[in-house]
Amino acid sequence: METVIWVLHLLSAVSVIVLVLLQHGKGADMGAAFGSGSSGSLFGASGSANFLSRTTGVLAAVFFMTSLGLTYLSSHKTEDGGVMDKEVPVQSDKPVQPTQQPAESSQAAPEIPADGGASKATEIPE
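Per this note's numbering, the very first residue in the sequence shown carries number 24; after that it's consecutive.
Hints are computed from structural coordinates only; laboratory data are not their basis. These numbers come from a predicted model, not from an experiment. No residue lacks a Cβ here, since even glycine has one placed at the ideal position from N, Cα and C. Check each hint, because a few of them may be wrong.
What follows is a set of in silico ranges between Cβ atoms, one per label pair, in the way DEER data are often shown [unchecked claim]:
hint, residue 1, residue 2, range
1, 26, 109, 24 to 34 Å
2, 33, 109, 25 to 35 Å
3, 81, 24, 13 to 23 Å
4, 147, 100, 50 to 60 Å
5, 94, 145, 51 to 61 Å
6, 37, 116, 13 to 23 Å
7, 43, 107, 40 to 50 Å
8, 109, 24, 24 to 34 Å
Please model the entire structure based on the sequences and the hints provided.
This is the structure in structure tokens:
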């Protein structure tokens, strides 16, 4: 269903763009730009709407309805959710013990304290 709405949405968008570019504007004459328009109405000649303008209006309404439909469908999806919905595995507080003994070298391996490597943030140096 969503794919059908997407196709209809894209076709109506392209059709509205093409029809708007094909239409001749009301004030597009050079005479109307300099005030010699033949009508006395506020926004120019108010003739009856022709086929192109009516079709543009219908396609614009279809575009808005498909926009609302896609918005509704995207807000009611039942998928796994986003990144924030996933649980993160909890790490243990125990330090990792090495599985192999380090090879004999000139430097000694650091010792792990008896308290399990707890933080020494509370100790104050003298």
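Task: Violations among the numbered hints, reported as their numbers in ascending order - done: 6
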